[in-house]
Amino acid sequence: MLDTSENALSVSDLTAQIRYVLEQTPHLEDVWVAGEVSNMSRPASGHIYFTLKDSAAQIKCVMFKNSAIRQYVEPQNGQRLRVHGRVSVYEAGGQYQLYADQFQTAGGMGDLYVQLERLKLQLEAEGLFDGERKRPLPPQPRKIGVVTSPDAAAFQDVQKVLRGRFPLALVILSPTLVQGLEAPTQIVRAIERLNSYTDVDVIIVCRGGGSIEDLWSFNDERVVRAIFASRIPIISGVGHETDTTLADFVADHRSPTPSAAALDATPDIGDLHEAVRYAATALKVFMEDRLMAESRDLAQLKTDLARRDPQTMISGARQRVDELHIRLGQVQTRYLRRLRERLASRISTLNTVSAESVLKRGYTLVTRPDGTLITRSQQVKDGELVAIRWHDGQHSARIGEDSGGRYKRSLL
Amino acid sequence: MDDINALSYEQAYSELNDLVAKIETGDLPLDESVKLYERGRLLAAHCQKLLDAAELRIQRLNDDGGLSAF
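In the order they appear, the protein sequences are chains U and R. Each residue of the first sequence is one higher than the last, beginning at 123 in this note's numbering. Each residue of the second sequence is one higher than the last, beginning at 704 in this note's numbering.
Think of the hints as simulated: they come from the structure by calculation, not from any bench. Do not take every clue at face value.
[Stated by the list, open to error] Reference listing, derived: stretches of chain R covered by chain U, where coverage requires no fewer than 3 residues with Cβ under 8 Å from a Cβ of chain U:
hint, region
1, 718-724
2, 741-750
3, 753-767
[Said to hold, decoys possible] Derived lysine-lysine pairs resembling PhoX-like cross-links, with alpha carbons at most 25 Å apart:
hint, chain 1, residue 1, chain 2, residue 2
4, U, 242, U, 256
5, U, 175, R, 752
6, R, 738, U, 406
7, R, 725, U, 282
[To be verified] One side only, chain R facing chain U, incomplete, derived with CB under 10 Å:
hint, residue
8, 706
9, 708
10, 709
11, 710
12, 712
13, 728
14, 729
15, 733
16, 770
17, 773
Even for Gly, the Cβ is constructed at its ideal location relative to N, Cα and C.
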């Protein structure tokens with residue numbers, strides 16, 4: 123033993139050897155350990171220090187910031203956790219410890235869901251999810267606040283939709299982490315910054331799809347209350363269609379994805395073009411209507427004026443004179459015709475009267491039964507029926523057959 | 704019509720709609736209607752031009768409330 127004392131290792135060498143042994147033990151490189159949290163500390167560096175213990179033993183744990191920010195549960199003293207990591211040595215402190223990279227509550231997600239359900243009921247009872255308090259979204263938000271990570275695909279999706287749909291907008295990105303332990307306070311600050319420093323018309327709080335753990339910040343009570351307190355209306359677009367977080371319940375409008383949130387926030391530029399075209403057409407139609415009404419009124423006035431024109435009045439009078447003239451001619455013609463008719467009738471009467479006076483002197487007229495006058499003996503044949511008319515009446519007679527000749531002769 | 708070129712899309716569109724309503728009532732004197740109609744046509748053209756030329760702008764809100772280019 124003494125011989126070997128000269129070969130004593132330095133503390134550093136020993137520690138390095140211990141470290142080497144630990145790090146070469148495969149299952150210590152990738153281990154889950156369950157225990158109760160104590161001595162929890164989280165200094166400004168962002169690293170997390172705590173001790174995990176059970177009734178008989180304890181182990182120091184550290185989680186560096188780059189892992190810490192990706193966690194969705196923050197260890198609390200007394201909490202039972204399952205911690206994943208590797209065992210190694212902190213040489214300067216002379217201690218072995220667990221370098222943690224992931225936490226799970228001892229009950230797994232089951233515990234978290236129970237907590238979430240409890241929180242949801244509590245916030246619901248407080249009225250944070252009431253439909254009546256949800257504000258309408260502005261129809262044409264000129265300034266759009268976006269609360270998300272600058273590097274995330276979600277922000278690219280939002281930009282893409284807005285470029286195609288409503289490029290008139292000014293986007294104000296309020297950058298934040300969207301997962302990990304730091305995320306809730308950052309999201310809260312990002313929302314508050316937009317409310318304090320800007321006059322954006324609407325805020326989109328979004329994050330792309332991921333595991334339920336990745337989305338857990340949007341179930342955080344602080345985030346929910348910040349959304350509720352926002353003066354500016356908020357649209358949530360977290361995860362995929364199937365994901366629902368408390369942020370969705372409290373937001374003024376819930377969209378299923380970041381792209382959908384950008385779409386729901388804005389009108390389509392095609393509709394705006396259409397609206398301008400419509401207004402321009404309406405302008406034209408109303409103006410044409412107006413001009414047509416004016417020209418109709420003008421035509422009416424011209425007609426009214428023409429009626430009062432002296433020239434028109436004179437020619438009207440002249441026309442009436444002409445009409446009277448024509449009527450006068452017609453009256454004259456009728457009058458003359460009546461005179462002629464009356465004259466003819468007088469003449470006929472006169473003729474009759476002069477014949478009567480001859481008959482009274484004893485002459486007779488011989489006529490055929492149809493009234494035609496027989497003025498010569500040769501006009502009748504023997505046996506023919508004739509009428510003889512005296513001044514006071516008439517008789518019919520038959521021309522004799524045998525004595526006819528004598529009679530005729532005697533007459534001659 | 705330099706004043707029209709200075710208008711934002713919203714301002715121009717809103718004024719255009721007002722003009723349409725005014726002309727629709729037909730209460731204005733004709734010469735004023737004609738003037739409004741001319742202005743309305745320019746406003747509509749201005750709106751279309753702004754819509755055609757629009758490009759999404761992005762700014763970043765810093766912790767101190769200042770804005771910077773994204």
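Here's how the hints hold up against the structure:
Coverage of a stretch by a chain is defined here by at least three residues with a beta carbon nearer than 8 Å to that chain's beta carbons; for the region 718-724 of chain R and chain U the count is 4, and the condition holds. Counting residues of the region 741-750 of chain R whose CB falls under 8 Å from any CB of chain U gives 4; the rule of at least 3 is met. Coverage of the region 753-767 of chain R by chain U holds. Counting CB-CB distances below 8 Å, 11 residues qualify, and the rule asks for three or more. Proximity of residue 242 (chain U) to residue 256 (chain U) is assessed by CA-CA distance (about 17 Å); at most 25 Å being required, the pair is judged to hold.
At most 25 Å may separate the alpha-carbon atoms for a hinted pair to count; residue 175 (chain U) and residue 752 (chain R) exceed this at roughly 70 Å. Only pairs whose Cα atoms come within 25 Å are accepted, and residue 738 (chain R) paired with residue 406 (chain U) is accepted, the gap being roughly 13 Å. Of the pairs offered as hints, the one joining residue 725 (chain R) and residue 282 (chain U) is violated, with about 39 Å between alpha carbons and a cut-off of 25 Å exceeded. A least Cβ separation of about 18 Å between residue 706 (chain R) and chain U goes past the 10 Å threshold, and the interface hint is therefore violated.
A least Cβ separation of about 16 Å between residue 708 (chain R) and chain U goes past the 10 Å threshold, and the interface hint is therefore violated. Annotation: interface hint on residue 709 (chain R) violated; nearest CB of chain U at approximately 16 Å, more than 10 Å. Hint status for residue 710 (chain R) relative to chain U: violated, with the closest Cβ pair at about 13 Å, above 10 Å. With its C-beta approaching chain U no nearer than about 6 Å, residue 712 (chain R) sits inside the 10 Å limit, and its interface hint holds.
For residue 728 (chain R), the suggested interface contact is upheld, since its CB lies about 9 Å from the closest CB of chain U, less than 10 Å. Evaluation of the residue 729 (chain R) hint against chain U yields a held restraint, the C-beta minimum of about 5 Å falling below 10 Å. With its C-beta approaching chain U no nearer than about 6 Å, residue 733 (chain R) sits inside the 10 Å limit, and its interface hint holds. Annotation: interface hint on residue 770 (chain R) holds; nearest CB of chain U at approximately 7 Å, less than 10 Å.
Among the interface hints, the one on residue 773 (chain R) holds; its C-beta lies about 6 Å from the nearest C-beta in chain U, closer than the 10 Å criterion.
Checked against the numbered hints given earlier, the structure breaks hints 5, 7, 8, 9, 10, 11 and satisfies all the rest.
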